[in-house]
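Chains as they are written, first to last, in the working numbering: chain A, 12 to 78; chain B, 12 to 78; chain C, 12 to 78; chain D, 12 to 78; chain E, 1410 to 1674; chain F, 1410 to 1674; chain G, 1410 to 1674; chain H, 1410 to 1674.
One or more hints might be untrue.
If you anchor each label on the Cβ, the simulated ranges turn out as follows [to be verified]:
#1 TYR1655(G) <-> GLN1463(H): 28 to 36 Å
#2 GLY1558(E) <-> SER40(C): 49 to 57 Å
#3 PRO1416(G) <-> GLN1463(E): 56 to 64 Å
#4 PRO1416(H) <-> LEU1557(F): 41 to 49 Å
No lab work stands behind these hints, which were simulated from the structure alone. Bear in mind the structure is a predicted one, so any value in this text is a computation, not a measurement. All C-beta atoms, glycine included, are put in the ideal place defined by N, C-alpha and C.
Here are the chains, one letter per residue:
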Amino acid sequence: MTAVTVNGQPEDVGAGTTVADLVARHRPSSRGVAVARNEEVVPRSQWDTTPAAEGDRFEILTAAQGG
Amino acid sequence: MTAVTVNGQPEDVGAGTTVADLVARHRPSSRGVAVARNEEVVPRSQWDTTPAAEGDRFEILTAAQGG
Amino acid sequence: MTAVTVNGQPEDVGAGTTVADLVARHRPSSRGVAVARNEEVVPRSQWDTTPAAEGDRFEILTAAQGG
Amino acid sequence: MTAVTVNGQPEDVGAGTTVADLVARHRPSSRGVAVARNEEVVPRSQWDTTPAAEGDRFEILTAAQGG
Amino acid sequence: MDTPVDPLKIADRELGSRLVLGTGGAPSLDLLERAVVASGTELVTVALRRIDPQAPGSVLEVLDRLGVAVLPNTAGCYTATEAVRTARLAREAFETDWVKLEVIGDDRTLLPDPVELVHAAEQLVDDGFTVLAYTTDDPILARRLEDLGCAAVMPLGSPIGSGMGINNPYNIALIVAQAAVPVVLDAGVGTASDAALAMELGCDAVLLASAVTRAQDPVAMAHAMRHAVAAGHLARIAGRIPRRHYADASTSDEGRPDLLGPDPL
Amino acid sequence: MDTPVDPLKIADRELGSRLVLGTGGAPSLDLLERAVVASGTELVTVALRRIDPQAPGSVLEVLDRLGVAVLPNTAGCYTATEAVRTARLAREAFETDWVKLEVIGDDRTLLPDPVELVHAAEQLVDDGFTVLAYTTDDPILARRLEDLGCAAVMPLGSPIGSGMGINNPYNIALIVAQAAVPVVLDAGVGTASDAALAMELGCDAVLLASAVTRAQDPVAMAHAMRHAVAAGHLARIAGRIPRRHYADASTSDEGRPDLLGPDPL
Amino acid sequence: MDTPVDPLKIADRELGSRLVLGTGGAPSLDLLERAVVASGTELVTVALRRIDPQAPGSVLEVLDRLGVAVLPNTAGCYTATEAVRTARLAREAFETDWVKLEVIGDDRTLLPDPVELVHAAEQLVDDGFTVLAYTTDDPILARRLEDLGCAAVMPLGSPIGSGMGINNPYNIALIVAQAAVPVVLDAGVGTASDAALAMELGCDAVLLASAVTRAQDPVAMAHAMRHAVAAGHLARIAGRIPRRHYADASTSDEGRPDLLGPDPL
Amino acid sequence: MDTPVDPLKIADRELGSRLVLGTGGAPSLDLLERAVVASGTELVTVALRRIDPQAPGSVLEVLDRLGVAVLPNTAGCYTATEAVRTARLAREAFETDWVKLEVIGDDRTLLPDPVELVHAAEQLVDDGFTVLAYTTDDPILARRLEDLGCAAVMPLGSPIGSGMGINNPYNIALIVAQAAVPVVLDAGVGTASDAALAMELGCDAVLLASAVTRAQDPVAMAHAMRHAVAAGHLARIAGRIPRRHYADASTSDEGRPDLLGPDPL
C-alpha cells in the first residue's frame, strides 16, 4: 500500500494507483475537477499516467460558490 | 368699439363680442384653452354668454412645456 | 383658604396670599424666577399686589439646563 | 582644461579642480549644499580630495521650497 | 427584461410607471415625444402660458397622441393667489382637477415658499383639486401638507434644474417614513443613480424634467431613467444588505486547498 | 423595455450583459439559478474548493444548464504563489484560461495586496491567462496591471461584502480616464444606485455577489441590478446635465400670464 | 495661540466668542462650569422649567459667577402660543429680551414647525424681543424670518442631539449668501470638524450643546470646539484654495537634478 | 487658549506641534516665514534642487532662523533609484537622516507608485534613514511600509494640491486602526475642517503645504490650521457623541410648564 494525503486527509492506496483512479474514487464525474500533486497541477491529460507515490499530497478540487 | 387687453396687449373689439368670439379670433381650436377675465377664470360653459366690457383684461392661455 | 394649583399640584393658601408670598414659600431667592397665573405672565413689579384667587393656576419657573 | 557638466551645463575647469573648488565657484557658503558626481553622492568629507575628471556630471544641489 | 411593477396609486388613479416626466426644456416636440415614449411614463407635466400664434405644433397634441395623462403645474407663481388662479385656469383648459402645486419664493433657487404653499394648498384642496405639492425636504412641512389633504407630497432633492441630486437623503427618508400619501421626489435629479437612490429611500415615484430634456441625448436618458426608477424600486423591495464596517467574504474559506505545502525545514 | 446595449468586450469575448455575478453567499442553488436568470448575466464567478461528497448538487451544473460562462477566482489566496497555483488548477478544472485574480492582504478587510498582486499578474499573463485583476482603487496600480497585460482591471468600490458602495468615486473616474482595457467595478456594491453610479463613472461593467445573494430577496435584487447597470450605462452614454449651483427653470417664464391684476391705488 | 478675532455682533451686543453653548445634557454643574470656561463662550442658553426644590445648586448661579450672558430658549413648545408665553416668562425671569425661539413640530426629530415658527416670531418681534430663531435649513424660511425682524437666523445642521453634522451644506451656504443678519448654525454638530465646516460655509457663529455636554470628556470637547470655531472662521477669512480635479505640485520641477544619468546604449 | 497637547513622537524625536508644514508654493520667503510662525509647526519640508545663483535669500536660512527642523522630500522622483539618490544627497546637504519619501507614478495626479515606493523604502531603511513614507490610502500598503521599517506612514487624503480633502475617510481610519507607527495625513487638505477631520479619524499629525501657501492669506490660513489640528486632536481625545438617526433633546421635558391651560369645553 502507498500512503498519501488527499485533501488534507491520510489515505492508503494500492500500488499502481494513478491520479485518474484517485479522482474516480472520490467523484463520479470528472467534469469540473482539477488535481494538484505536491502543490503542482496535474494536467488532465496526464491523470492516467501519473502514479501516486509514497507521501504524495493530493488536492482534488472543484467549483464552489464564490464571489 | 370696446377697448380691452388680451394677453397684455391692447385690442379693440366690436360691441357684443363674447369670450367665445375672442378665443376664436386668436386660436383655431379651443382644445386646451382657458380664459381669465380680470384675473378670474371664465368657465368654458360661460364663454358664449360673457361679453367683453370696456377695460377688461383677458388672459387666453394654453399648454406650454413645463417641468 | 383658597385652593389653587402650583406647578400642576393642588395647594391651599391663606386668604390674601399674593404671588410674592407664593414665590417666597417655594424658593428662598426670587432671582431668576418667573410666574405665570392662568398661563399669563405676572410681571415681577405686580407680585406684591396680585392676590391668588380660587382656582388660579400658577406656574413658578426658573432656569434649567437647556440647549 | 577638464570638460565637465555642472547642473546640466557644460563647464571647463582647471586641472586639479576638486569638488570643493567647484562648489566654492558656484556658491559662497556650503551650508545646505550636496553634490552628486555621476549620479552618486560625494560626501562632504571627500570634497577636498575628489578631483573633477573629464566628462564628469556634477549636480550641485540645495534646499528649495517643496511640499 | 420588462418587470411587472406594482402600480403607483395617487388619489384614485393607478399608474403603471413610477416616473413622472416634465416637458420643460425639450429641444423639440419630436425629441420630447420620443423621450416620453422611451421613459414609459404615464403622467406628464405641462405649464399654462399665453397662446403663441407662432408656436409650431402643440405639446398637448403630442401628449394626446401618446395617451399619457396631463399634470398641469403652477410654475412661476410666487403667491398663493396666483397659484390658485393658475390651477383653476388649468382645470378649465385641461379638464383635470389634478395640479402640481408650485409656489416659489426666489427666482435664483426656485425653492418653495412654505407659507404661501400651505395657503395655496388649503384653498385648492377646499376647491376640490387633487393637489400634488412640490415642497422642500422639510418633514414637518410635508406632514402639514398631507394633513390638509394633499394627494401626494413632492419634496425636492435639490433646486430645479440644478442636477445636484438629493442633497439631504436623511430628510427624504424621514418624509417617507411618516407619509401615508405617495411621496414623489421632484426636482434636482441629474442622472440615473439619483433617481435610483430616490426610490431606494422609499419614494413612490420620481418626477424629473431637465435631467432628460436637457441631456445631450434626451431619448437615451429617458430610457436610462426608466431603468433607474425600476432598479431603485426593486432594490427597495428586495431588501438590501446592511452596510458593514469590515469585509464579509462572498467566497467561503471552507474547503480551501493547501497550495503552499509543508513548511521547509 | 429591453434595451439593445452595445456589447462589452473583454479580451476576445463579447458579452451581452455588463453585469458579472458572483455566486458566493447564495442561500441555495435554486435561488442562485433564479437570480442568475433574473440578472441577465453571461459571466459568473466560482471558486475552487476541495470536493465535498456531501454537497447537494453543484454550482457548475447550474451554470452549465444556464449556458453562462464561468470565471474562476483565486479567492482566499494571500500570496502570488498560491494564486498562480489556484489559477492553473482552475484552468484545468473549468477549461478556461480566464481568471479573476484575487490576492488579498488581510482577512478582515480582504483588501488586495498590491505587491503580491503584481507578481501574480505577471506570472499569469506570461503563462497565457486572460487575467481580470481585482485591485484597489489606486490608479497607478491599475495602470501597472494594464501595462503588464491584464485583460481587465477590477477596482473595488469598498471591501468585499461591506455594501458601502463606492468610497472614492474620484479614483474610479481616474482609472476609467486612463484605462485602455475594460474597467469592472468589483466589490462593495450594496444596492442598485451603487451599480448605476459605477457605470455613470464610466466603468464598463459591474461585478457583484453579496449585494444579490445576501439580499432579502435575491431574485428581485438581481432584477434590480440588471436595470441599474443598464440605467447607469445609458446615462453615461446619454450625457448628463451639468451640476449647477443655482436653479435652472425647466418651465420658461415666457408667456407667463398676469394673474394679479393692476396694483390697487 | 489666542487669536484676536473680529467680534460677532448680534442686535446691539458684541460677543468676543463665536461659540454659543447650550447647557442641556451636562452631567453635573461642575463639569458644565469647566466646559463653559474651556469653550470661551460669552453666551449660554438655558431653558425655563418649574422650580425643583431638590435641585442641587442652580445653572443660573454658575452663569452669573462666570459672567456669561444668558440666552433663554423656548424648548419643548409646539405652538406659537406656548412659545410666546414662554419667552415672556423668560424675559421676566432673566431680565433679558433675548430669546432663542424654538417651536418644534415633532417629538422624534424636534424639527422646527415653519408655520408656527413664523407666527411666534412675528409676535415676539412686535413685543420688542430680540429673537434668535432656531429654524430649518430652508433659505426661503430663513429670509422670511429675517424680513420680519429676527436678530439672527439659526438654521440646523441636522436634528438636535443627533451628531450628524451638517446634512445639507448647500442650503446653509445659500442662507449665508442672502442673509443680512448673523447666521448661527444651531443643532446637529457632533464633533470639531462639523463646527469648523459651519464657519467655513460662512456662518457667523455656532450654537451647540450635546456635542460638548454629552462627550466623554466635556471639558476637552469644549476646548476642541473653541479651536474649531476659530479654525473655521480664520479659514473662511483666509480664502481657501480652490478644489482641483488634478494635482497641483507643491514642489516645483524647476531645478530638478538629473539623477538617472545618461541612458545606457 | 493655548492647549498643552501631548507631544507627537516620530522615531526618537518629540514634536510639540502636530502640524507639519510644506514650504512649496509660498509667494515669498517673508510670507513663508510668517506662515511658519503662525502655524506653530516644528517640522518643515524642503525639496532638493539645483543651486540658483539668482535666488533671493534661501528657504534654509529662514528655517534655521526660526529653529524648526528640516524634513527633506524626494518630490519629483518616479523611480526608487532616483528617490534613494535624492535622499542620500539630502542627508548630505541638511545633515539629517530624516526623509519624506515620495515616489510618484504620474505627473497629473502625483499619486505614489506603490511598487517603486516599497523598493525605495526598503533601501532607505537599510541605509539607516528615518523614512516618513508618503503613500496612498491603501491599508495593506501602509502596513507593508510599517513592517519594513518606516518611521511614519503618510497616506494622502487626495492628490497633492487638489484641495479635495479626504476622499476616503474609511481607508484612513483603517490605516490608523492597525498602525503602530505614527500616521500623518499628507496631501489633499484644502481647508481647516479637512485637517480637523484627519485628526478626528485618529491621525497623529497633518502635513500640508498648498492649503496654506496658496491661500489668499497664507498667514491667516496657517493660523487656522494650527487651531484645526488642535481642534481635531482634542475632539478625538474627548470622545465624540455617537451619530443618532433621530433627535436627542438637549433640553429635558422634565418640569416643562403647562402654558396652554385647560382645554376649552
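Going down the list of hints, with the structure as the test:
Between TYR1655(G) and GLN1463(H) the Cβ separation comes to about 30 Å, which falls inside the hinted range of 28 to 36 Å. A hinted range of 49 to 57 Å holds for the C-beta pair GLY1558(E) and SER40(C), which are about 53 Å apart. Taking 56 to 64 Å as the suggested C-beta distance range, the pair PRO1416(G) and GLN1463(E) conforms, at roughly 60 Å. Taking 41 to 49 Å as the suggested C-beta distance range, the pair PRO1416(H) and LEU1557(F) conforms, at roughly 45 Å.
The structure meets every hint from the earlier list without exception.
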